[in-house]
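Protein chains: 2
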Amino acid sequence: MREVAIIGVGQTPVAEHWDKSLVDLASEAIRAALNDAGLDRADALYAGNMMSGTVSRQSTPGALIAGRARLGVAESIKVDTACSSGASALRLGLSAVASGEIGVAVVAGVEKMTDAVGGEVTAALASAADADFEAAMGTSFVAINALLMRRYMEVHGWKHADFAPFSINAHANARHNPYARLRNPIDEKQHSRARMVADPINLLDVSPTGDGAAAAVIVPVERAGKYRSGGPLVTIAASAAATDSIALHDRYDTLELAAARQSAERAYAQAGLSPADVDVFELHDAFSIMAALSLEAAGFAEPGQGPRLGLDDQIGPRSKVPIATMGGLKARGHPVGATGMYQIVELYLQLTGRAGETQVPGAKIGMAQNIGGSGASVVTHILRAG
Amino acid sequence: MREVAIIGVGQTPVAEHWDKSLVDLASEAIRAALNDAGLDRADALYAGNMMSGTVSRQSTPGALIAGRARLGVAESIKVDTACSSGASALRLGLSAVASGEIGVAVVAGVEKMTDAVGGEVTAALASAADADFEAAMGTSFVAINALLMRRYMEVHGWKHADFAPFSINAHANARHNPYARLRNPIDEKQHSRARMVADPINLLDVSPTGDGAAAAVIVPVERAGKYRSGGPLVTIAASAAATDSIALHDRYDTLELAAARQSAERAYAQAGLSPADVDVFELHDAFSIMAALSLEAAGFAEPGQGPRLGLDDQIGPRSKVPIATMGGLKARGHPVGATGMYQIVELYLQLTGRAGETQVPGAKIGMAQNIGGSGASVVTHILRAG
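As you go down the protein sequences, you meet chains A and B in turn. Residues 1 to 386 in the numbering used here are what the first sequence lists, from first letter to last. Residues 1 to 386 in the numbering used here are what the second sequence lists, from first letter to last.
No lab work stands behind these hints: they were computed from the structure. No experiment lies behind these values; they were computed from the predicted model shown. One should not assume that every hint holds.
Because identical chains share one entry, a pair is satisfied inside a single copy or across any pair of copies.
Here are the simulated SDA-like pairs of lysine to any residue, each with C-alpha atoms no more than 25 Å apart in a straight line [to be verified]: (1) Lys226 - Met1; (2) Lys320 - Thr352; (3) Lys20 - Gly138; (4) Lys20 - Thr54.
Bound-form chain A, shown alone:
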């Protein structure tokens, strides 16, 4: 298995792009990534996307994107693991390049959500839940997370205000990210008074949807030198996926994200690292409860103790466990199928020292964890700067 390097990244702002289609957004990010890598084309495209079939009524969008991004007859596919589609796409690209089959691959995550007609996005998001046993009962995706958060607060004795630091940190970091959707700083008072969405989750506990695309170019390490113009070499040190049941009621313990834990443990084993080695962790803070559960599943906090890291001021860019350094899902925005690749793009910027105001000093090891379906399909990547 060949070692694989990332040699260029690109992204569009997360926003309401009324004038751009799914295909426009994806090709914009792909061309930016190829440009960053100093390349003009690629052998294959792996696109992560969740809603093209429903919102854009487009199956096989990979072929369409490859055409628009001028990739010629390159192979192209779309992969869907709900909100972890972006990271799943990277995993597939990695396999293809590592196996020796593909030379230069572009991996993209893309989602187009905001111009869907009323209710369509809520219905599409609910498709990340178990269609027969959760969504069919009228449970929306945020309602499922609200059930989780309520249970977590009751079992572990946390108050709603204890989750505020996750959102405050994300917004503070997004201020400096020109690609982020929400760049307004928020404080504890705003978090406590925000409009309720699904009790106990309020508007400042949830990530905003949006349109956007993010992409990276990957090649075998031995070819990376040919393309790179300097700066540290960033390699993919680990990639691990795991699944759990989609429906919460099927899980052994609803408050432990078993697939997230398994995926993180496999990734640490592959890279020969432990949580203490990670300089920056891009976690899946789709809801503030998910930030807490992800920190626990990835080994940064004991079960039930995730919020403690925020309350102890340990999650900022210059703290012990920097998370959501470019705004995270909470403030950069969560264009669902694209999010996993936004995480990778942001890690790459961190590891190459291009992260600006929220640069984590001397970051060498970055980890991203992308979660689909409230913990059903989880992918963890570890990147290493040489």
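Knowing the structure of chain A, use the given hints to seat chain B on it.
Frame of chain A; chain B shown alone:
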């Protein structure tokens, strides 16, 4: 890159399975494949599917299927390249096993179409066309193929009746396949008098939709001996994908399936074979015009001469170019995202001498070509019996 073998297959009948969900069908085929391989579990699941998000309102079905099929926390993803999703899934599984990352992979194709509410399947099928430039104009998927067929007949001087042998052969073969949807033999008169769907395509030129799932278990060749209980070793000798524009009007020549040609040429090069070496060819006869175009793109006929093979009686199981040996899409049925894996299952049965009445004598080399979006996303596999 490790060589990869198929060690077991499973399928459900293609039918209107009113009492079974997408997940039920997929897990039934997966358990049958694992059973055929003498295994109880796998490390990863690659599921090809087109319509779960629309018809079943289920994103990330991979996780759900893995749970139901008792695959534990195995990695699992869903890939969508429209009607070629099945073969795309095999390609991803192949990459993962070939790279050394995954030991035992299950690849499945699954589709659940018949219990969709009125018009939903036609709309979902239209998503295999270009949503903005074809489907938005009201062109259905069959209408796009009708435009192709009309143009082909005009340019190359064929009559509608010249396509009859494709459908007659498919139905004749399906008679002996217990998993086929349409097992009634048909003749030229029936073909000429069938109800019109989209002129010149009539009901006996089109493949029926349906519900179904097909699956295969793949492992590195060096581990195949451990599991197999005899019979020839079947390896994946080639796997190649290519893309073309989705919209017909974007193509250089609408009557040449450029991606199908490129995909076949790459596959022949990988396997070191030519069309003359292929003993059985499972082609993508979603419409009779597609049978003709596929035969040409794969090098079995000159451009414009595909129907000649049928008229010259060269496509039966004991003829020069055996196609649709178990009924093909036309008569076995075309549960879109599952079709690519039905093709692989049928090739495997042929190469292991388990194809029954329509066994191609001494078949050693089998080729399957799976086409998504009227030639947009094409995947060709060549299997070899050792």
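Hint by hint, here is what the structure shows:
Taking CA atoms no more than 25 Å apart as the test, Lys226 paired with Met1 passes in both settings, with 20 Å inside one copy and 23 Å between copies. When the C-alpha separation of Lys320 and Thr352 is checked against a cutoff of 25 Å, the pair qualifies only within one copy, where the shortest distance is 20 Å, while the shortest distance between copies is 59 Å. Within a single copy, Lys20 and Gly138 get their C-alpha atoms only as close as 32 Å, which misses the 25 Å cut-off; across copies the closest is 22 Å, which meets it. Taking identical chains as interchangeable, the C-alpha atoms of Lys20 and Thr54 lie at most 25 Å apart whether they share a chain (17 Å) or sit on different chains (23 Å).
Checked against the numbered hints above, the structure violates none of them.
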